[in-house]
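*Asks:* Those sequence lines, one after another, are chains A and B.
For the first sequence, this note's numbering assigns the number 479 to the initial residue and increments by one for each residue that follows.
For the second sequence, this note's numbering assigns the number 2 to the initial residue and increments by one for each residue that follows.
Among the hints, a few may not be true.
Derived lysine to aspartate or glutamate pairs resembling DMTMM-like cross-links, with alpha carbons at most 25 Å apart [what the hints assert, rightly or not]:
1. A/Lys-692 / A/Asp-581
2. B/Lys-173 / A/Glu-755
3. B/Lys-17 / A/Asp-1032
4. A/Lys-692 / A/Asp-521
5. B/Lys-32 / B/Asp-51
6. A/Lys-1031 / B/Asp-268
7. A/Lys-665 / A/Glu-623
8. A/Lys-1053 / B/Glu-306
9. A/Lys-542 / A/Asp-512
10. B/Lys-333 / B/Asp-381
11. A/Lys-1053 / B/Asp-268
12. A/Lys-1031 / B/Glu-255
13. B/Lys-176 / A/Glu-761
14. B/Lys-173 / A/Asp-1032
15. B/Lys-17 / A/Glu-1034
16. A/Lys-727 / B/Asp-53
17. A/Lys-1031 / B/Glu-267
18. A/Lys-1031 / B/Asp-51
19. A/Lys-1053 / B/Asp-51
20. A/Lys-1031 / B/Glu-67
21. A/Lys-1053 / B/Glu-267
22. A/Lys-1053 / B/Glu-341
Away from chain B, derived, C-beta distances all over 10 Å, residues of chain A [unchecked claim]:
23. Arg-551
24. Pro-659
25. Gln-719
26. Gly-770
27. Met-1050
Honestly, the hints are just simulated from the structure, not real lab data.
Cβ coordinates follow ideal geometry from the N, Cα and C atoms, glycine included.
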Amino acid sequence: MVEYDRHSQREEPNKPALRTCIVGIGGAGSNVLDRITLDRTVDAQLVCMHTDIRVLGHAMAPTKIQLGADLMRGVGAGGDPDLGREAAMFSRDEIRQAIEGHDIVFICAGLGGGTGSGAAPVVAEIAKSCNSLVYVTATMPFSFEGRRRLAQAEEALQQLQKRADALILFENNRMGELILPKDGIQKAFAQGDQLISQSLRAVSTIVTTPGLVKLGLDDLTSALSTSNGRCLFGFGEARGQNRGAEALKRALKSPLIDQGRLLHQTKTLLVHIAGGETLTLMEVDGIMKQLGRHVPDHTHILFGVAVDARLGESISVTLISSLGLAQLNTIAAVAPPANMLPLTDRPMPSVVDAVAAAPTSAPPKMKSPATRPAPVAAEQAPAPSVKAAPVPQSMDLLFKDDEIISLAAAAPAPVAPKFEPAPELFPETFAAINGAGLAQDELEPEEEYYEEEQHEPAAYAEPEPEPPAPAPAPAPVRERPRIEDFIRATPEPAPMPALRPLTSPLAAVVARTNLPPEDLAYAPPPNMVVPKKPTNEEQIDLGFSNQDRGRFKDTEPALASGGEDLDVPTWMRLKRKLKR
Amino acid sequence: MAKTTIYAGLEIGTSKICVVVGEAKRDGTIKILGVGTAPSRGVRKGEIVDFDTVHTCLNDALVRAEDYSDVMIRNVFLGVSGGHIESINNRGCYRLPADQSEITEDDVEEVKEIARNVPAPQDSISMHSVTRQYIVDGVEAVRQPIGRQARQLEADYHIVHGSLPRIQNSIKCVKEVPLEVEDVVFNGIAAAQVVLNREAKREGALMIDLGGGTADFVLYEDGMLTISGCIPLGGDHISQDIAMALQIPHGRAEALKVTEGSCVYEDVPPGEMVRVEDDTGYVLGEVERAFLNEVIYLRVREIMEQVYQRCEGHIGRLAAGVYLTGGSSLLKGIDVVAREVFGMKVTRSGSAPVSGVTATFENPQFSAPIGLIRYAQILDQEKPFLSPLKRLAHRMADLLSVAL
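Here chain B stands alone, though its shape is the one from the complex:
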């Protein structure tokens, strides 16, 4: 019965560039047809600094994904991240005209427009306008206002905006492949769609995607998307800290972090050493494990604290706790640090089970790209009442609108 649509999600991350091809059926299930990844070289802190390198790596990933999935990829959902991404909740209020008693689709659009008018920094573009809730005549938590009798319609929107030039850079880079960009999605929101299930969202959860260059976080409270944002600190910073502390090259530090790193240093017996080797296996030296762990701990703690600062007011009200995902969440002991900082239960997870290539969903590194597929699916489901043309127009407007 289901008509299937094939989506492709592209994430240009700091540690890897990942293309995921997935098939979404109408009943909501996703099947991953193929994944192509390539190590990313020209990206720092989530932003592209070297176009040519990124171009090459992107082609690599794309070719692998196409091979694996046997699908020609023409347009992608692009996931972006970076410190410039900010979010804000805004409420738009719209009084229905006197002769009208029922809420129509246009009214919803109207209130959306009103809600979108937030003062945002120059040069920013709003990436997402996510409906949090509708308030019909003071009654909150209304999901579907259309058709209801009311006098006044209010809507809470969660608006995510980012720096227009940087987003355009990413789009430009993708267009050069050439690929068409269907939509630009904040990685955190994408990941949250597959990491947090409906219950977690309802109970209140904070998802942190600790990637190579950034830590994207998304907080759901009462089932509504409340806070989202991005801290431009990530696994790269941890490796850099190690590199500077131990005076070894960055690549070595990265390898050391992955194989031996841990956030827990207090319980490490003193004198336990870690060997630092070079590429050929030649031992460069040894360093005390506790020292290494402490360096890692300090940085991880700082990242967590930064996220905490941004989510300050809402932390106490999350029942489902903190969800950690992303490559850096594979660090040993990171849940301990998170528990220290947030004081809530911490779950480390990859994306929810999807059919198809199973290895991918178990791996937290792929939460964001798989999330892109899910996001694409949701997008298509959310607006069944809009004609395709109107939907396109809305998407274009979303993409191009500059928040005033």
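One chain only, chain A, in its complex shape:
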């Protein structure tokens, strides 16, 4: 048997880890560097560069380079990037000496001023020429700092983008997002520094520590590769219960990632999860699943896991991605993703239409049974001013309540025109319901309820000789319509020449009130055409769809011993039972 020497498979122990160098340029850069130095968690060469010797004096970095010593004489660049650039050019040998030989060079600079904006591109170029990966973290000035500084910052940014492999931008304006309003300003700046240093730490950790699922420089470049784009960075750390979810939440909350919204656009996403010895697969799985909701399916996810004993009980989640410039611009125009919008009841527009449509059918119904269908079709368009007034009123009311009753399509119709001085309003109720009935006569059997009512007005419409009057004199022969009558009256084979088009809004609304399939099983009378309901397959369960349950939508249906849903109104169920 051939002995398989596993040991030779492992990386040679003396292979050097990735060498990183962190360079802080300018005032802001040196602040960040100080923080990183203090944290002492990053295993990298720390270099601070500035034109101002006083700042250098305070800096805590082990390596300090004074830019343009002769030129500037130890004084700052005074907010002039040209001076900064020149100073850097002067000292480029020193710079090169400090940063060459590293695989990654992180550059931190605050743009808008002199040294940062001027020297950073130079340093980046030098680093590039040393064949290192250049990762730039830059801050943009506050908007109150004025247009000039902003312009300078923009220009420096452009230059940096050309030379950097990855660019993470932090806008000072968003510093407010990091802190509570009442916190001191020192804390705000400290938080900003911390954020940047976190990102640096995270990236360097990702590429240096050997992980269970390794991410290398190549993954990093692939995630960050974008021309002229911007990097997104999110970092979250948490401990205790639900630490996975917490850490992810914090990572997504990071202002650099804009609540995860920008994630929707990315093509590549690098996720790195690090934890102590107690990291479990379930936590990792949970995090990835949750993350999956924020990124589109086609995103390429680079996944890395590392166990770092130094982390102890906490979990850290790092998200790195990039957005191209083109995408950046479109983001401004794009609305928030769909799942952030509250689910609106789509019926609303059509209910309005339906309401608008329905009342018109009311008066014509009284005219003559035979010509009913025709006027309905004809009078869809003209909207009597009568209905304009009641519609908004009733619509307001409808919207006031949470529960929109979708049957309300026909709703204000019968009740709305009532404020006319018509003394006999009841016939109109019927007429309107009739109209509604006829409006979708070829639709569901549910409408047969309304169908059958038409015989009532037919019964008493005839005795009244003046059909066109919407307010007929109360005929003494008119009997009080009873529910049983509606239910039991057998449908007359009335001629129905014109079938209402399926696309009428009222029809659509009514079509939406799903009835259990038992109703569909009932064979309609021969003269009625019942189109196949398209949503047949969905109606497996008894009772209303959740939308129609209105008030009871979040509860379990009250079931009688026979299994019928008692939440459905009694009068409605009775109608169905008796029809069988």
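Chain B: place on chain A using the hints.
*Replies:* Then chain B, alone, in the frame of chain A:
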């Protein structure tokens, strides 16, 4: 002489959340110190669907009750209801050991345990184990078996159980206030304590508490609690029926039901109309009164019939008839419908007179919360022989025991 204890009863109902603070004296009288109510928004059919809303409403009610009664409420007796509540009568049989001839307290406990072992659905918890009667050596209707000489002790228990998760939901909601839940009581049983007097119980009576979301019913026969349960249909359903029939919003339907609704439709002259108005008084339209009443009648009748179905075997033996209470019992003509369905005399009543805030006991809406106070009092009276610690242990066991 009487040491008074102050109890607070909390009912999280579908139409209102009500906190009642009462003082119970040893001689059995109750004085209502204060009542706080708030309209309930997040409850449907007796069960909490929206915790946050309920929380807010609950706080409202609590604050009002505390203000009114000037008492800091720390723990409450929680009344629950819901379609998941079921009851069953079970008899436990226990043969005394050979050397023992007298029944002791432990024997009673033993037989109670035996009686409690009923097959109940998964996830259910027994809320009440009410003693119906003891049977000592075949002699029925024994109230106090302890100390009697006997060979065999049997006990009839009426066990009310409900779904554990739902009850826990309610408890959780109350605990968040924060309030301590002393005991969880089925609303129907609580209401029955104040609606039915001893005579009614002895003669046999059925009490139906028609609330906003549920109809709780309790049937006493021969002085023993025989059937209890809950139908998850209530005033809400009536309003919803009206809303769907007339195509008006639920709130309007509710208002219409309260002001104009009636269960009697046959005698209404045809053509009599009812105006439907919106909030501003603007008339939306008119609808025929008989139509409206018929819709109401159908639903009320159905609720009654559901109760009838559950009490089928015992209806004929109730001399005291049916007692209707609860908010929905204020509907005009509801006693007519009840008489139709049950065929017995029907009484509409609120709780028995209590001292204190008089308006409350006359109002049938408050029967259940006031009943909670009375229940608390009974609970304290029923177990004088148990040391407080043991009593607590029993209560805890009752509360937490899962019926197997």
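*Asks:* Evaluate each hint against the coordinates.
*Replies:* Structure-based check of each hint:
1. A/Lys-692 / A/Asp-581: Answer holds: A/Lys-692 to A/Asp-581 is near 17 Å, not above 25 Å.
2. B/Lys-173 / A/Glu-755: Violated, at about 36 Å.
3. B/Lys-17 / A/Asp-1032: Distance ~19 Å between B/Lys-17 and A/Asp-1032 Cα, so the pair holds.
4. A/Lys-692 / A/Asp-521: 18 Å, holds
5. B/Lys-32 / B/Asp-51: Answer violated: B/Lys-32 to B/Asp-51 is near 33 Å, above 25 Å.
6. A/Lys-1031 / B/Asp-268: 36 Å, violated
7. A/Lys-665 / A/Glu-623: 20 Å, holds
8. A/Lys-1053 / B/Glu-306: Distance of about 18 Å is within 25 Å: holds.
9. A/Lys-542 / A/Asp-512: Distance of about 12 Å is within 25 Å: holds.
10. B/Lys-333 / B/Asp-381: Judged against 25 Å, a Cα distance of about 38 Å means the pair is violated.
11. A/Lys-1053 / B/Asp-268: Satisfied, since the Cα-Cα distance of roughly 23 Å is no more than 25 Å.
12. A/Lys-1031 / B/Glu-255: Roughly 18 Å separates the two Cα atoms, so the pair holds.
13. B/Lys-176 / A/Glu-761: Violated. B/Lys-176 to A/Glu-761 sits at ~31 Å, over the 25 Å cutoff.
14. B/Lys-173 / A/Asp-1032: 19 Å, holds
15. B/Lys-17 / A/Glu-1034: At roughly 21 Å apart (the allowed maximum being 25 Å), A/Glu-1034 and B/Lys-17 satisfy the hint.
16. A/Lys-727 / B/Asp-53: Holds, because 23 Å separates the two Cα atoms, which is no more than 25 Å.
17. A/Lys-1031 / B/Glu-267: 33 Å, violated
18. A/Lys-1031 / B/Asp-51: Roughly 12 Å between the alpha carbons, so the hint for A/Lys-1031 and B/Asp-51 holds.
19. A/Lys-1053 / B/Asp-51: With a Cα-Cα distance of about 33 Å, the restraint between A/Lys-1053 and B/Asp-51 is violated, given a limit of 25 Å.
20. A/Lys-1031 / B/Glu-67: Cα-Cα ~34 Å, so violated.
21. A/Lys-1053 / B/Glu-267: 19 Å, holds
22. A/Lys-1053 / B/Glu-341: The hint holds at about 22 Å.
23. Arg-551: 66 Å, holds
24. Pro-659: At about 26 Å from chain B, A/Pro-659 clears the 10 Å cut-off, so the statement holds.
25. Gln-719: 18 Å, holds
26. Gly-770: Since the minimum Cβ distance to chain B is about 29 Å, A/Gly-770 lies beyond 10 Å and the statement holds.
27. Met-1050: 7 Å, violated
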